[in-house]
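*Asks:* Sequence:
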Amino acid sequence: MNAPLPRLLPDDAAEDKRLRICFPFSGDSIGGSHISVRGLMEHLDPALYRPIVVTEVPGGMIASFFAGHERMDDPGARGLFVPGEAFTLRKFARTLTGVLPRARFLRRQRIDIVHVNDGRSSANWALAARMAGARLIWHHRGDPNALGLRFLAPALAHRVLAVSSFALPPAGIWSARGRSSVVHSPFDISLEVDRAKARDALVRELGVAPETLLLGYFGAFVPRKRPLLFVDMIARLKAMTGRPVMGLMFGEARVPAMDAALRKRIGDRGVDDQLRLMGYRTPGPFWIAACDQLVVPAVGEPFGRTLVEAMLVGTPIVAARSGGNIEALEGGIGILVEPDDADALARACGNLGDARAMALAAQADARSRFSEAAHCAKVSAIYEALRP
1 MNAPLPRLLP DDAAEDKRLR ICFPFSGDSI GGSHISVRGL MEHLDPALYR PIVVTEVPGG
61 MIASFFAGHE RMDDPGARGL FVPGEAFTLR KFARTLTGVL PRARFLRRQR IDIVHVNDGR
121 SSANWALAAR MAGARLIWHH RGDPNALGLR FLAPALAHRV LAVSSFALPP AGIWSARGRS
181 SVVHSPFDIS LEVDRAKARD ALVRELGVAP ETLLLGYFGA FVPRKRPLLF VDMIARLKAM
241 TGRPVMGLMF GEARVPAMDA ALRKRIGDRG VDDQLRLMGY RTPGPFWIAA CDQLVVPAVG
301 EPFGRTLVEA MLVGTPIVAA RSGGNIEALE GGIGILVEPD DADALARACG NLGDARAMAL
361 AAQADARSRF SEAAHCAKVS AIYEALRP
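Be aware that the sequence shown starts at 1, since it is given in the numbering used here, and climbs by one per residue.
The hints are simulated quantities; they were obtained by calculation from the structure and are not laboratory data. Just so it is clear, the structure is predicted and the values come from calculations on it, not from any experiment. Be aware that a few hints might be false.
Here are the computed lysine to aspartate or glutamate pairs in the EDC-like style, where the Cα-Cα straight-line distance is at most 20 angstroms [claimed, not checked]:
hint: 1; residue 1: Lys17; residue 2: Glu70
hint: 2; residue 1: Lys197; residue 2: Asp354
hint: 3; residue 1: Lys238; residue 2: Asp341
hint: 4; residue 1: Lys197; residue 2: Glu70
hint: 5; residue 1: Lys238; residue 2: Glu211
hint: 6; residue 1: Lys197; residue 2: Glu211
hint: 7; residue 1: Lys264; residue 2: Glu252
hint: 8; residue 1: Lys378; residue 2: Asp188
hint: 9; residue 1: Lys238; residue 2: Asp268
My request is simple: use the sequences and hints to build the entire structure.
*Replies:* See the structure below:
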């Protein structure tokens, strides 16, 4: 690897001892990583740290989401990725045209740490960070077998943060496992929602009978989250119970093909009257609280944000026994069923009954494990360990 380019030090460098931390984001859709980073930024000590968000799309959704925080435009944006495309080493090679502009930007802004939070941003910024002499934190929120984590992080990352034990890099000769830590995503543990009022509002909007069982799916419509399996589960449950059932899918498809497949599956299973596509809505916890149950059919999910939000607002959870779901619901504070089994999901949802005690235990557990303050303390300790 080439030697780091020299750092530029303006006259005020000696006066500002704060660590300058760059949070670059690729694309322009909001997800759990953006929510986590904003929560972290709001808890960082401003006397010690200066966080700077860098976005690919000026004036876009991500830029608006971080309004009120210091933000700059990505100098190397080239529109190289299409949402929904898998990341490959070939696609990483295509990012090389943006490396030098980004490295110059990092030197010019005197960035100490580049903290990347998704695969595309890691591909875009990892090499530039090393060329600029900045420390690189690779925050992994995805599949532990992701190519970038397996092949690039060992060479480029100073530290890897994983959102769960499941998401840690696989051990091996070429691995960043020895430089990795588990840091659970942060949440506002003071979150409170009147579930009865939220449910009443949702019932009125839907125009359904009050006794209808409202089952919520929350998240992007991507294969890993199993949106088609949720449709299958609603169809199975419709045949199992005499109680009216309504499946509510909060989220959006990232590619047209999934949207078409989802609508076709709804028609094929004959659940047009038992399933509603609700779109992306905010604040998410309000709508989670409005549902009788959160259903998480996702397989290989590192650590689902909506799952913890459901714990915090007291909504019972039925989830696949897979990935980070197991870690989040350890100790019997949710119902776990076999992955990719629509019948098992339907039976669990139909037989859950009064899960008040389980939901209260889940709420207390989430408040003890997933606070923004605890997350910030762990990340700040890592920043200090990397301080130049």
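*Asks:* Hint by hint, say whether it matches the structure.
*Replies:* Hints, one by one, checked against the model:
Note on Lys17 and Glu70: the hinted pairing holds, with a Cα-Cα distance of about 17 angstroms set against a maximum of 20 angstroms. Distance check on the hinted pair: Lys197 and Asp354 sit about 18 angstroms apart at the alpha-carbon level, within 20 angstroms; holds. Note on Lys238 and Asp341: the hinted pairing holds, with a Cα-Cα distance of about 16 angstroms set against a maximum of 20 angstroms. Restraint check for Lys197 and Glu70: the C-alpha separation of about 37 angstroms exceeds 20 angstroms, so the hint is violated.
Taking the CA atoms of Lys238 and Glu211, the gap is near 14 angstroms; set against the 20 angstroms cutoff, the hint holds. Between Lys197 and Glu211 the alpha-carbon distance is near 15 angstroms, which keeps this suggested pair within the 20 angstroms criterion. For the hint linking Lys264 to Glu252, the alpha-carbon distance of about 15 angstroms falls within 20 angstroms, and the restraint holds. Restraint check: the Cα-Cα separation between Lys378 and Asp188 comes to about 16 angstroms, which is no more than 20 angstroms; the hinted pair holds.
Our distance criterion of 20 angstroms between C-alpha atoms is met by Lys238 and Asp268, whose separation comes to about 14 angstroms.
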